[in-house]
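With the hints as constraints, model all of the structure from the sequences given.
All you need for this note's numbering is the position in the sequence shown, starting with 1, plus 243.
Heads up, none of these hints are tricks.
Pair ranges (Cβ atoms, derived): (1) Arg1187 - Val530: 41 to 49 Å; (2) Gly871 - Gly928: 26 to 34 Å; (3) Glu805 - Ala869: 25 to 33 Å; (4) Gln475 - Ala724: 53 to 61 Å; (5) Ser272 - Ala459: 48 to 56 Å.
None of these hints come from the bench; they were simulated from the model. The model shown is predicted, which means the values in this text are computed figures rather than measured ones. Ideal Cβ placement from N, Cα and C applies to all residues, glycine included.
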Amino acid sequence: MMRFGLLGPPVLFHDVQGGGRGEARGIASPKSRVLLAALLLDAGRVVSVESLKDALWGGAPPVSAQASLHNHIARLRRLLDDPARLRTVPSGYVLRVDEGELDVHVFDAHVTEARAAHTGQDRERVVRACTAALALWRGAPLAGLPPEVGGYAFTQRLCEARLLLLEWRYEAELALGGPRLHELVPELAALTGEYPLREVYHRQLMLALHRTGRQAEALAVHRELRTRLVGQLGIEPGPGVREAHVEVLRGAAGDGRPGKQGEPGGPIPSPAQLPPPPTHFIGRTAVRDALHRTLTAPDPYPAAVISGMAGVGKSALALHVAHQLAERFPDGQLHLDLHGATPGMTPLTPAQALTALLLDLGTEPCRIPERPDAAATLLRSLLAPTRTLLVLDDAASAAQVRPLLPGGAGCGVIVTSRSPLTALDGAVRFALAPLSDEESAELLRRASGRDGLDGTDAARLLVKLTGRLPLALRVVAARLAARRALTADALAGQLAAEDGRLHHLEYDDLSVRRSLAVAHDALAASERETDRDAARTLRRIGALDLPTYGAGLLAHLTGTGEPRAEAALDRLLDVALLEETTYGRYAPHDLVRDFARELAGERDAVDTALHWYAAVAERVLAAIVAPGPDQSDRRRPTASRPSGHPAHVDSVAPFAGPEEAFVWGDGELENVVTLVQRYADDPSGQRASLVSTLVRLIFPYAHRRGRVAEMEVLGQAGLRVARRLGDAAAEAYALVDLAGLHFLTGRQNDALALNDRALVIWRRLDHPSWIRRCLNNRGLLLDGLGRHREAGEALTRSLEYARRLNDPYGEAVTHSHLGNLFEHTDPRAAIEQHRRSLALGDEIGAVIVRHSAHCNIGYAHLRLGEPAAALPHFEESLRILGGHGDWHGESQTRLGLVRALRLLGRSGRAARECAELLARADARADRYTAALARHQHGLLLRERGHIGEAREEWGSALAALEGTDEQAVVTELRALLAPVG
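Have a look at this one:
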């Protein structure tokens, strides 16, 4: 049997008999010692080749490192009892170490046993366990190895555990007495010399000397220790040394038993400072269980940080869990309010907090060091041998908490803070969100005593109006409990009143507004620029009140650059006045919104935001629409465009490419729609002009992304504002855009009517390139409606305009639509038109033209009954499109791809592609495309024999297509759903 040793220089133990400790065999090669140690530190787990190279060569491996590593592995295998212990795996090596074969594991098991015996005051068992553990110690762990192998923390943990074992063993032997007392004196004398400031060994030496009749020497030990502590640290010896000093002076028998509580020299009672647990604790099951696991796992316990916004229930959860775990910490429970966000109070400094904790542990005021670092050292010394639970409530920062953390492995810490305290190393973090609707209703019912609230509309409304925030719910419950005549409906009406919610969320010492104001006021009064930026940012958020915010907008609103805006947002996140909904997007809780609105004093935020959005929208347009008439015409000013718009555009950096522009639009479109809805009918002519310009410039993005719901809002608002302003060109843009929306959603007759009204305006304005587009659109729509002769006339005239204007992009698009028209009678001729479109697209580098041409060629092959020929064109179309964004083209291509795959019998891939198309359509609220996808999905289900599911899909598709002009598919769906026989 082989054993391994790391408690000292790395060695191998060979136990030939299978019984004793065995003979230690040193390892001559330094590299082999390092290699063995690196593998043992992760025994039973894969150690990567790179990690082993770093251990062997300190981050600078030679060129021959790989070969050298193989040689070292081979040598190490020869030293093992079984070479199969060290296995090669794809990513590195694994060393098998069975239970009891590594001295560190055995040592840790003895430490656990000794701690349990020490806690239970089973002194004989303490001596046995400590002696067994200490017998394994051969010197400093990993002695002779480079410091980076294993790391400081590993070695320090084991060294501290050894000192604790010595302390427990001598404590137990002093209590047991007997002849062994004489042997303790030289051992303890050596320890006091090695650790001159460790009071516990001095105390034990004093008692050992005294109890073996050497009183004068015991007093001399005390005198030397006191002189050292006062001279070097400015503190007096602690309670334990003082008790031993009193025993020596009294000439007590020294039976090892402490005096009674309250007597001079008697022990200080264990602290039990936890406030009462919350009366009505609801929910939080998952996070509560996770906290339990963290604080009951094998020690050492990490600090548990509970974070969240004001009033979310951090303290309640901390106290609830602390009371449940109190028995696991028999040496006491400390509770300290750090006042990080207490209305009317300044946060405790670390020095104040340390003083409070030391006093709570029985330290006399005169013994508390003035220097915070010395006080922190004393606190750790007092807590090291104990199993104590600390609840540090309402922390302001990691710097405030860090000096208060105990060093002993047996102590637990729960910290609550609005900040997640990410600078606190080693902490486990638990972020709290507001309660669920059901939990909120239950808390409201219990705390108010109104059982009749269960399931009522009034209760649901109250839950919504409080934002499911426990503090707000407690205020509402207190008001209902205090005034039995106050009905839930009446209180809900008060809360729903405009700008009145926070006023009604105050009762006695409970106030949502005051809790939020603490964070804002501290930021506003701070000397740090970032904090003041954060306070101003919150006020700007209140002045604008949008669904979400990004750094770009807020930088513009506050007049700072984006780096400062991002730093301000980080601070607002840190004090829980904002939440990061997705990366780079921020939103306040509803009650924080109300608070921010109260703070808002700026009146120009709306105009500033509209100017910025219109300017960036033009940059988006330039990035996603290829240079040419389509882009330049949209960017050309209309009669109502604000005069300062070009300067605002110049102040905004262009996008690096279409992907970046689409990402910006995806994040900001909800805000754009909100502003357009809110200010389209504003009496201010300036705002109306900004809304009109913004809608015109952002609409191509929404169309390319297929955001049909947003297109409806933007198009209708744009039309309404243009007419109010008397801007004919802006009205024509809005009509064309709404026509595009109707085309996307299968309402081609409506689209044709809108397009023709726009064509009239463009003819009146004599705008040839827009006349060409409207004629092109007219031909496409007439073709879809089956009016093929009229479609051909419109497309022929559009082609003439394109050639007259020298517009190859427009010519390519018209050839594409002519191909669609020819497909009804001659699919081969259609393919020729599409190839002409593709050639033009290749010549001018037009991505949309090229991808559309391949898509249309695919459909022509489907019409010819050639799915195998169609498939590569659909695949090429999607490849070309990439991230350029064209929802209509993409959806049509994916639909054709599904059809081709289904016809080729590749039902598995067809089903996957169909599911992808359906998911993308549903994400855009595009019921029309989703219906076409469900039609195909039903056909796939029928082929697999799932007739019932197929009929469900067809039924859903038919319902969505009713009222559209997609008559061919509607007719097919009705036939598929018709009763058989």
